[in-house]
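Please take these sequences and the hints and turn them into a complete structure.
Using the numbering used here, the letters of the sequence shown correspond one by one to residues 1 to 50.
To be clear, the hints were calculated from the coordinates, so they are not data collected in a lab.
Note that the structure is a prediction, hence the values are computed from the model and not measured.
One thing to keep in mind: the hints can contain errors.
[To be verified] Below, simulated DMTMM-like cross-link-like pairs (lysine to aspartate or glutamate); rule was C-alpha separation at most 25 Å, straight line: (1) K5 - E43; (2) K5 - D39; (3) K5 - E19; (4) K5 - E23; (5) K5 - E35.
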Amino acid sequence: MLGEKAWQQQYEMIIALYELAAEVAFLCGDFEAMEHYIDIVTEQAYSLLT
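This is the structure in C-alpha cells:
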C-alpha cells in the first residue's frame, strides 16, 4: 500500500491505517485481506505494544 519511507516518516499514522484496514476487512468478512494487513503491521511494527 505505502512505501518503506512512509513507515519511517509517519509511523503512528501508517500503523493506525493498516490496523484500521485489517479491522474493516474483518468486518466485511474478507479474512484473507485481514491477514495480509496484520502481516504487514507485524513486519513493520517497532513493538507489539504500540
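CA of K5 to CA of E35, is that 25 Å or under? Distance ~22 Å between K5 and E35 Cα, so the pair holds.
Would the hint linking K5 and E23 be met if the CA-CA limit is 25 Å? holds (24 Å)
Would the hint linking K5 and E43 be met if the CA-CA limit is 25 Å? holds (14 Å)
CA of K5 to CA of D39, is that 25 Å or under? Satisfied, since the Cα-Cα distance of roughly 18 Å is no more than 25 Å.
K5 and E19: Cα distance at most 25 Å? Measuring from Cα to Cα gives roughly 18 Å; hence the hint holds.
In terms of the numbered hints stated before, the structure departs from none.
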